[in-house]
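Engineer: Spelled out from the first residue to the last, the chains are:
Number of protein chains: 4
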Amino acid sequence: MNTVGFIGLGIMGGPMAANLVRAGYSVTGYDLAPGGVERLREAGGNAGGGVAEIVREADVLITMLPDSPQVEEVVLTPGGVLEHAKPGLLYIDMSTIRPDTSRRVAQAGAALGVRVLDAPVSGGEKGAIDGTLSIMVGGAADDFAAARQVLEVLGTTIVHVGPSGAGQTVKAANQLVVGGIYALVAEAIVLLEASEVDPRKGLDVLAGGLAGSRILDLKRETMIKREFRPGFRVDLHHKDMGIALAAAREAGVALPVTGLIAQLIAAARAQGHGSLDHSALLKVIERINR
Amino acid sequence: MNTVGFIGLGIMGGPMAANLVRAGYSVTGYDLAPGGVERLREAGGNAGGGVAEIVREADVLITMLPDSPQVEEVVLTPGGVLEHAKPGLLYIDMSTIRPDTSRRVAQAGAALGVRVLDAPVSGGEKGAIDGTLSIMVGGAADDFAAARQVLEVLGTTIVHVGPSGAGQTVKAANQLVVGGIYALVAEAIVLLEASEVDPRKGLDVLAGGLAGSRILDLKRETMIKREFRPGFRVDLHHKDMGIALAAAREAGVALPVTGLIAQLIAAARAQGHGSLDHSALLKVIERINR
Amino acid sequence: MNTVGFIGLGIMGGPMAANLVRAGYSVTGYDLAPGGVERLREAGGNAGGGVAEIVREADVLITMLPDSPQVEEVVLTPGGVLEHAKPGLLYIDMSTIRPDTSRRVAQAGAALGVRVLDAPVSGGEKGAIDGTLSIMVGGAADDFAAARQVLEVLGTTIVHVGPSGAGQTVKAANQLVVGGIYALVAEAIVLLEASEVDPRKGLDVLAGGLAGSRILDLKRETMIKREFRPGFRVDLHHKDMGIALAAAREAGVALPVTGLIAQLIAAARAQGHGSLDHSALLKVIERINR
Amino acid sequence: MNTVGFIGLGIMGGPMAANLVRAGYSVTGYDLAPGGVERLREAGGNAGGGVAEIVREADVLITMLPDSPQVEEVVLTPGGVLEHAKPGLLYIDMSTIRPDTSRRVAQAGAALGVRVLDAPVSGGEKGAIDGTLSIMVGGAADDFAAARQVLEVLGTTIVHVGPSGAGQTVKAANQLVVGGIYALVAEAIVLLEASEVDPRKGLDVLAGGLAGSRILDLKRETMIKREFRPGFRVDLHHKDMGIALAAAREAGVALPVTGLIAQLIAAARAQGHGSLDHSALLKVIERINR
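Chains as they are written, first to last, in the numbering used here: chain A, 1 to 290; chain B, 1 to 290; chain C, 1 to 290; chain D, 1 to 290.
Calculated directly from the structure, the hints in this document are not laboratory data. Treat the hints with caution; some may be incorrect.
Any copy, or any two copies together, can satisfy a pair, since identical chains are not distinguished.
What the hints assert, rightly or not - With a cut-off of at most 27 Å between alpha-carbon atoms, the simulated DSS-like pairs for lysine-lysine come out as follows:
1. 201 - 239
2. 201 - 126
3. 225 - 201
Here the structure is a predicted model, which is why all the values come from computation and not from measurement.
Can you make the complete structure from the sequences, with help from the hints?
Structural biologist: Shown next, in the form of structure tokens:
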């Protein structure tokens, strides 16, 4: 389990692969953009010659890709991961994608003897660099046990939450709660300011009581100052809300608040704030009122 | 400042008045229901002969009443608090009511030389008994300074958040955030369970990351078990959402998520869960799906 | 039943009172603003010397006032309508107010032998001038029968919908549906335009099928052109949505879509469009997207 | 233009194909289920031997399929429509699918000289049988002109609304408005009934004024009686709301009311009402309140 293939060396995947090199793994990477591979080499990893080569030589394969269609293309199409995988490969998809796509990938893998885990993360670029991600893992218990050592290089909270797709479902639940709390804090700020109450004092009280949250702790000061440097971009949260609604549709449940929050985040994007931090949801609630 | 009049000796007001007795204040109380006065006497307080008598003798008057109409009646109508108040009285209304009512009471008081603070609390019955309430105070800085000693008997977090009505506005903001987080956690649970993911494991992950909140910390276990003993009753939260929407209307702002959450809490009540803990919002999200 | 007192001679009440004069009634009017009384005199009516005088001499009393507090003040306070009413007076409140206020007025009237109907209208200024209002009447069947002749001067659709307050409830239901359809048509326009589909062609198709509505028939052209001359003002619809939510609260029901629509109309007002036609809800949906 | 291939002979496609036979076209049909083909033969049409054969012989090809994935499979995959189409074929997809899928099909067709129109319909099974559908057509003006004669057999309102995908966008706009009006009427009924107002009388008034709509005209009686025989099934409307949200996402716009309505329709399905008429949205609003 010493040879790791890593496909997708972007903002998240790049530092994650570098951490694996640092931990002693032999990492061969691949990315459509040449910069990612270059940085991996500088960190001590190897440049892979393509998906086929990387997959054939890997004991563990990790993908970190933007969305469901990219995972489908890299993994399921002819010439992709599964076509070249040797039986017994442990394949960990750490992308945030739709749970039903994760399940399809896992089933296709199982038919070929490939062990597949879905393992989306939270914690952002900083967590990727520091190796302090939270990792939600779906798949078989055995495969989770086999992957644990590798995952512990990448994150500090690593939880096996259920069968294939379960990691994605938990990530979707996480994102709907996060998006919703931003909207609520935004409405609180708008109400306080319109009532000529100092929002700093008001949110201090909220943070100390039952309304308290990690978001209030970490973001209330920057939200009050309207500083929206990412952090986690609105565009990505917009993508994730699409996944959350798709997950709900797939599971056959209706989530009314999530349905509304998804549109407010879509509004942040429509207003041109896609590259700002997701706390910029405050700008949407403000704009509704101006 | 040693003589305290206390009107409203219910679930919250009763133990608050008793705490003041214990701290050495001479407390005279009044309540429409005889039980409250009786308990105050047992705790060492005095039974007041009516609003007029209590108000005339008090250095500090505290009211803890159910809603805006009761405060208006006890304070503003003929025979009420303001008619009998001596100039200089420090009057602290600790009820949760509409900010505009608090402002009207403060203005009417000011015209008579009565110093009025709005000082709603959070922390529930337990906080009232233990003297650990959070108290959000609106009014003049001088009056807040004068009231601090008394308030410190009742709570541990005591914040002067702005002019008259500001205490109520902060309380309204608190309640809209709390109601909203319950709805979000409920939607997360429903999504996880419908996807056959263990909600305990899923919420553990959420609690450890950016989705983390006091509510997840304190209530996720009871919500998963469907234990809804109050705590803070749905009926009261329904009242408070009415106040939040009235405060938004008064301030001239639109709060779309709050507008939806208010209806979901109204649904909890319509479904007969008014006496359950407000975390029973989970029952509403479940019922939408069955 | 020939002598009519008319309190409230504004945009709606003025032409309504004039229509009664034209139909042969002896009408004595009163309004806080002198212009309304002056116009009534020019139309052949009489200027009343105050509420007391008008009420004492009237067989039928009509009020057309802005909102619940004004009705409470004119009718219920000392010196108001009920204090001066002779038993048997037929009092028709045509204001749009909260159903529970209408019920309280009716009960207070009944105790004094005054027959009270709530009879809010729709049809706007044009309907008031042309005598083509729709009138929704709540109260006793006998009283409705007694009022019919007078009401037929004012409107063309006159329906007895139930006991006291029922007229207001139906008006509230009307307004929530109207507000909601505006929001839906606005979202349709925004979707069509953003997709580079000619909204005129698109809405023509909608108007001809199951999505068809009076609003699409009357307003789609002006909405597409962004012409928002009232018509019925956003400010008034905002007031009416407050009544609808209060009616729902009173009736113990949750109305999630209404809760959201009320906030979108509040947003139109917060954005400074209070004096525009309520079809300006389109500006809110547009602004969310810019 | 006399030979028509018709793929998808279900509840809608079956009677549409039969109408074309009756109008003198030579129709060859195909469906995965044998019953549809059998009925077409009885109506005077021909049974096709598969997609390839039908496409090769057709001047005009029509597809009427359940959703985007089926259209993609029948049209775009190897062995599908485009592989076998002769240049110049006029291909009319009358399925209700995502606008972006329609655009992709049109582009793929254009590259092969196939003229593609998207032409979703409204009017339901009855409209299909009677040949009275409304048909919203996206594509080139020439191609629309070429298709008009065939389409006039199937519908009475046939509108060219814009370029490829525009037909689907208009259909999506139609469905979001229809779903929303059902929700609004449902909330009106629940408010009226909870207020003990006869809903029949109340809705009669609404139907006669600005709140009037085709849905109130056609469905208020059955909604009040709780008769939910389809009509148009909840399951299909649920599918269509997914398309509307996907269309909004694709167009980069946020539609807050649509976001909420989509969840309420999802709730109807989650509650087991998928096979009922979409007016059964009333059951969702009722259940929220019980």
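Engineer: All the hints need checking, so say for each whether the structure fits it.
Structural biologist: Now for the hints, and whether the structure bears them out:
no.: 1; hint: 201 - 239; verdict: between (34 Å within a copy, 24 Å between copies)
no.: 2; hint: 201 - 126; verdict: between (29 Å within a copy, 24 Å between copies)
no.: 3; hint: 225 - 201; verdict: within (14 Å within a copy, 36 Å between copies)
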